[in-house]
Amino acid sequence: MKRQYSTEEFLAFFKDSFKTLFPAKKFVKCGYINVISDRLIACLNGKINRLIINIPPRHMKSTLVSVAFPAFVLSREPSKGIIVASYSSLLSTKHSLETKLIMSSEWYRNKFKDTVISKHHNTKNKFLTTKLGFRLATSISGTLTGEGADIIVADDPINALQANSNTFRERTKNWFLNTFMTRLNHSKKSIAIIVMQRLHYDDICGYLTRTSGKWHIISLPLIAERKEKITSINSKKTLLKRKEGEVLNRNYLKHENISKLKAEIGTYVFASQYQQNPLSNINSIIRREWIKRYLEKEEISEILYISQSWDTAAFGTQQSDYTVCITFARSRTAFYVLDVYRKKLDYPEIKKAIVENAEKWKANYILIENKSSGQALVQELRRSTALPIISITPVRKKIERLYSVVSIFESGKLYLPYSGEWLENFEMELFSFPGSVYDDQIDSLTQYLNYEITKCYPQLNIKFL
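Counting in our numbering, the sequence shown runs from 1 upward without gaps.
These are calculated hints, taken from the structure and not from any lab test. Every clue listed holds true.
With a cut-off of at most 25 Å between alpha-carbon atoms, the simulated DMTMM-like pairs for lysine to aspartate or glutamate come out as follows:
id, residue 1, residue 2
1, 243, 228
2, 262, 427
3, 29, 106
4, 131, 77
5, 173, 439
6, 47, 9
7, 100, 8
8, 94, 147
9, 229, 244
The structure displayed is predicted, hence computed values, not measured ones.
Whole structure, please, built from the sequences with the hints as guidance.
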């Protein structure tokens with residue numbers, strides 16, 4: 001059985017590494033360091049193989065992920081291959097030399113005697129161990145032909161100055177997907193990590209969040225925008241707990257300095273790089289502060305019924321368009337989003353997914369848009385199942401459908417959970433529409449709310465357009 005590592009083991013290692021790298025500085029414990037360490041260890045233990053870490057500048061992200069983590073891996077498994085890339089070859093080389101500094105230190109050599117840097121293969125950008133493990137430093141303009149690795153790390157794959165250029169963003173995506181990801185030795189077992197501050201709605205992190213459900217995402221804003229609690233993947237121990245407005249690292253930036261920083265760099269740069277929220281630059285209809293939150297389904301009082309709203313991909317587009325189902329709980333005073341199911345499915349898979357989701361959530365009624373594949377699904381499901389299917393014919397444009405229910409949001413009647421694998425993707429679309437890349441989740445959401453208000457608005461005491 002493969003050895004399992006602990007977060008505490010890595011934290012102790014990182015503390016020793018910090019002393020080597022910054023001998024004049026004092027190491028200060030921070031909750032967010034525990035969170036990042038926990039996720040890195042979860043990768044090594046096989047619980048995560050795709051990890052995104054979004055964190056503000058100057059919070060030791062590179063020291064943790066690109067410098068100390070490779071040294072830790074090679075100390076335990078000296079035959080592992082690791083590639084670390086950045087937008088800049090100079091930055092990537094700097095991180096490589098810092099990893100080597102740790103591995104050349106006296107405490108490291110005394111403690112991990114099986115890990116020895118080869119005398120014959122030891123350059124500033126690539127060094128091997130005597131067990132044929134290695135750490136390779138590269139950039140998005142560097143060559144990786146013939147190289148394969150067990151762990152790849154993309155640390156700041158795009159320059160902040162280039163992030164607003166569609167050309168550079170597309171170049172970064174193409175490099176990451178078609179070059180960097182192909183270097184993994186095993187498509188499922190090998191580990192891919194991205195660590196960066198958010199720079200643009202459509203940067204590589206935004207793109208992967210929208211198009212793939214495979215990535216485990218840790219987003220750490222400088223200032224907590226809502227009550228926050230992050231637990232360990234291994235033990236469910238609380239690693240980071242913040243109140244709304246609390247700073248990520250009080251030792252780095254205090255509130256009185258944050259206002260000055262925000263004035264210097266501008267609202268958009270601050271929202272993107274420091275708050276990990278590039279959506280703040282987009283003129284959206286729904287405001288984040290309108291949304292209420294709940295912790296667990298069990299805390300919702302007096303659930304009247306469970307409903308589902310489906311937006312199915314049109315015939316001929318199932319492999320390119322998403323099919324979406326949003327599951328809602330309805331109380332006497334509000335609407336609660338319980339789950340968002342979003343996948344690219346062909347017609348038989350859509351039918352199967354509708355049945356499975358209905359059974360999973362015990363839906364009291366199911367809305368399906370009566371057009372294209374939805375029309376055929378309504379007919380077939382009514383004929384072959386006893387599901388409570390309701391056919392919906394849209395009569396207005398997408399934006400008009402949202403405007404007609406905007407008062408539900410504004411009056412605080414729609415609740416989202418504090419966490420969920422689907423949540424960031426859903427919020428990205430909700431808070432950027434009509435400027436969002438996709439609108440399938442908006443279609444599903446407004447279909448449900450418009451249906452509900454035709455029969456329920458008197459009890460909610462809301463004025464509708």
